[in-house]
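So you can see what is in the structure, the chains are spelled out below.
2 protein chains.
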Amino acid sequence: MGGGARQRRGRVTITEIAREAGVSVPTVSRVVNGRSDVAPGTRARVEDLLHLHGYRWRPPGARVRAALIDLVFDDLDSPWAVEIIRGVEEVAHAGGVGTVVSAIHGRSGDARRWMTNLRARASDGVILVTSVLEPVLHDELRRLGVPLVVVDPAGSPALDAPTVGVTNWAGGMAATEHLVGLGHRRIGFVAGPPRLLCSRARLDGYRAALDRAGIPIDESLIVPGDFYPESGFTGCAALLDLDRPPTALFAASDQMAMGAVEALRRRGLRVPEDMSVVGFDDLPEVRWSAPPLTTVRQPLAEMGKLAVRTVLRLTRGEPLDSPRVELATDLIVRSSTAPPGRGFA
Amino acid sequence: MGGGARQRRGRVTITEIAREAGVSVPTVSRVVNGRSDVAPGTRARVEDLLHLHGYRWRPPGARVRAALIDLVFDDLDSPWAVEIIRGVEEVAHAGGVGTVVSAIHGRSGDARRWMTNLRARASDGVILVTSVLEPVLHDELRRLGVPLVVVDPAGSPALDAPTVGVTNWAGGMAATEHLVGLGHRRIGFVAGPPRLLCSRARLDGYRAALDRAGIPIDESLIVPGDFYPESGFTGCAALLDLDRPPTALFAASDQMAMGAVEALRRRGLRVPEDMSVVGFDDLPEVRWSAPPLTTVRQPLAEMGKLAVRTVLRLTRGEPLDSPRVELATDLIVRSSTAPPGRGFA
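Chains as they are written, first to last, in UniProt numbering: chain A, 1 to 345; chain B, 1 to 345.
This list has only true hints and no planted wrong ones.
What the simulated footprint calls covered on chain B by chain A, stretch by stretch (three residues with Cβ under 8 Å from a Cβ of chain A suffice, anywhere in the stretch; the number is not a length):
1) 80–87
2) 97–111
3) 114–122
4) 253–263
5) 289–295
Rather than coming from a laboratory, the hints here were simulated on the basis of the structure. A quick note: this is a predicted structure, and the numbers were derived from the prediction, not measured. Every residue gets a Cβ at the ideal spot worked out from N, C-alpha and C, and that includes glycine.
Whole structure, please, built from the sequences with the hints as guidance.
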């Protein structure tokens with residue numbers, strides 16, 4: 001059973017390979033080192049033998065470690081994660097940089113394991129998406145000289161790292177003004193997690209639009225959520241249980257908007273006839289939700305692209321134009337919004 | 001402007017660092033090499049100076065390159081990609097392995113650039129998702145000794161690599177039998193791209209279920225699609241334009257099912273009252289589509305996990321139990337299916 005011997009790596013010497021291939025030792029060495037001065041037929045024969053004997057092929061450039069960046073999420077359970085990955089990968093791939101994707105689940109143990117892995121692979125930069133690192137890990141990145149860029153700043157604005165965000169406040173205002181412009185006066189709001197700055201900004205945009213329209217803010221129309229569909233379902237149900245439910249609802253994420261639409265459907269209410277619904281994100285699938293969702297578009301892939309460009313500039317020691325960038329949001333009007341109907345108006 | 005000098009790496013010698021820190025050269029050396037026999041205060045002072053002078057910190061383990069696997073998609077434009085990434089990342093992360101995500105867009109140039117990057121980062125294994133590599137790239141992986149595992153086999157079944165798939169045929173049959181069991185006799189089918197084996201298997205499962213129920217197959221009820229929502233919309237519209245439209249529809253992907261639901265909504269038809277709709281995938285968001293979608297669940301994250309375990313076994317030279325594994329699909333019944341209504345039955 002010669003196969004067993006072939007499995008063991010490095011047991012066969014270069015000299016034996018040379019003898020078996022009928023070439024000189026320096027020729028084998030030239031093949032191993034990826035040099036071009038070897039006849040193609042000879043190279044193929046030697047490579048086959050190296051492979052056969054379990055030599056792990058090391059391409060010529062392998063000793064110079066290739067560039068890697070780490071893209072870190074709290075959780076990989078949202079369809080918007082893939083939009084950010086798509087943008088990051090596109091720019092990184094084109095530049096020969098590998099994108100290592102990780103999730104740390106907001107758990108200290110996972111974050112520490114990630115840091116250990118990051119050190120071991122000597123990653124060149126980190127993009128952190130809507131997640132918070134403990135100060136000790138920030139310090140460690142700084143000590144390692146690994147630059148950090150934060151996408152969609154979630155935690156303390158005092159965080160000492162460049163950020164790429166979107167105009168959450170302006171987006172929240174645009175969504176609410178759209179509903180006001182359609183004639184709605186009682187507009188519900190399903191909020192995002194309060195620990196995230198973007199949640200605060202969207203809520204403040206909602207308040208600002210109502211203020212500007214001279215509509216008093218009714219705190220009973222503001223319900224908590226966590227960006228996931230379940231909380232949109234629950235939040236919308238709570239609003240429907242009010243003595244005077246709203247005629248329109250602005251959910252601070254598309255997923256919560258989808259949960260809200262389902263809560264309405266369960267009660268036999270139609271969108272937009274009985275209630276208008278606006279989301280936030282513009283995930284690809286909400287173009288195809290029933291009905292297609294009016295929403296505030298976040299340029300997620302563009303945010304990813306900009307984050308890579310920023311982190312690569314930092315690895316090269318180049319200055320940044322600005323340490324904090326906010327990309328514009330756009331209101332996308334589809335079929336889930338209309339003037340208030342005969343519902344509870 | 002001392003800052004300028006600090007930016008330039010390696011200009012300051014270990015001797016100078018030692019002098020500035022007020023310690024001996026061997027002490028600086030011990031810090032640089034990550035040894036433990038340095039007092040914490042001294043270590044911190046030396047590390048700060050190293051950082052200040054732009055020394056790139058190399059952790060002790062950095063010379064031994066960390067494990068990496070490459071996870072390759074054709075496109076990162078589908079919400080099911082994130083499910084696979086989630087599964088792969090979870091197992092890889094726990095094992096200290098980094099997951100490098102790439103998209104090659106079915107384009108030769110992108111695939112070659114990816115291969116160049118893969119060689120440069122000396123990745124340990126490759127997981128290829130519903131994508132096809134040119135034979136020359138397969139040969140190169142083999143020559144590099146980098147094991148390959150294919151998720152959801154898309155191309156030639158003769159491909160010389162272990163595969164992780166799902167029971168697409170059984171899933172197609174279960175979806176169709178569910179509709180037959182509800183009393184449907186005219187069941188439309190929106191197919192996936194014919195180049196993918198999984199599309200063929202789902203279609204064959206549909207045919208087998210109809211055969212078994214003694215329902216003659218009407219080829220006019222089978223329309224082409226490409227897994228994306230638009231094609232579900234178009235396919236469903238084509239079925240509705242038939243003289244005798246079906247009373248139920250099985251779409252070979254959830255995204256096509258969502259497009260079909262929207263086509264029905266646009267014509268004022270309701271799901272499931274006017275037409276039942278079944279999808280395939282069980283993406284997280286279809287729990288929240290209006291109505292929640294009956295679908296065939298693919299365990300996407302489980303497929304990712306199994307693929308990592310398989311590729312890691314191969315990197316260690318361990319034998320596989322089986323080179324081809326198919327995980328079971330499950331029919332998940334929600335609210336988009338019901339007995340045929342008064343519609344066109």
